[in-house]
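Participant: With the hints as constraints, model all of the structure from the sequences given.
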Amino acid sequence: MDKYNLDEEDVEYIFDSYGLDYRDRGIVSYVFNDAYDLGYEEAYSLGYVKRNSVSERYFDFEKFGEDLLEEEQYLELNDGRCVYLNY
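Using this note's numbering, read the sequence shown as starting at 5 and increasing by one per residue.
These are calculated hints, taken from the structure and not from any lab test.
We put the CB at the ideal spot given by N, CA and C, even for glycine.
A portion of the hints provided could be inaccurate.
[Said to hold, decoys possible] Taking CB as the label site, the calculated pair distances span:
#, residue 1, residue 2, range
1, ASN56, ARG27, 35 to 45 Å
2, GLY84, TYR48, 18 to 28 Å
3, ARG55, SER21, 18 to 28 Å
4, VAL58, ASP20, 34 to 44 Å
5, TYR52, ASN9, 24 to 34 Å
Facilitator: The following block contains the structure:
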């Protein structure tokens with residue numbers, strides 16, 4: 005909770021949304037500030053966008069982040085932050 009500034013409500017929501025029986029602090033891999041931050045970081049790490057490229061100027065990071073939130077390993081908290089869960 006301290007590492008990612010999560011409150012008890014956030015933790016309960018994460019545990020309820022997690023698809024496996026295992027419940028531990030290790031299920032949270034990373035917390036992003038919002039959908040844009042999620043899309044930005046994942047677009048680069050997955051290789052969809054390269055730094056200082058033409059595609060970087062036109063890539064919709066927020067929409068990409070919103071689409072990622074439909075995947076099982078991503079979860080949006082009530083305050084807009086996005087969590088990447090370990091599976």
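Participant: All hints are to be evaluated individually against the structure, with a verdict given for each.
Facilitator: Here is what the structure says about each hint:
1. ASN56 with ARG27: 35 to 45 Å: holds (42 Å)
2. GLY84 with TYR48: 18 to 28 Å: holds (21 Å)
3. ARG55 with SER21: 18 to 28 Å: violated (33 Å)
4. VAL58 with ASP20: 34 to 44 Å: Distance hint for VAL58, ASP20 holds at roughly 42 Å.
5. TYR52 with ASN9: 24 to 34 Å: holds (28 Å)
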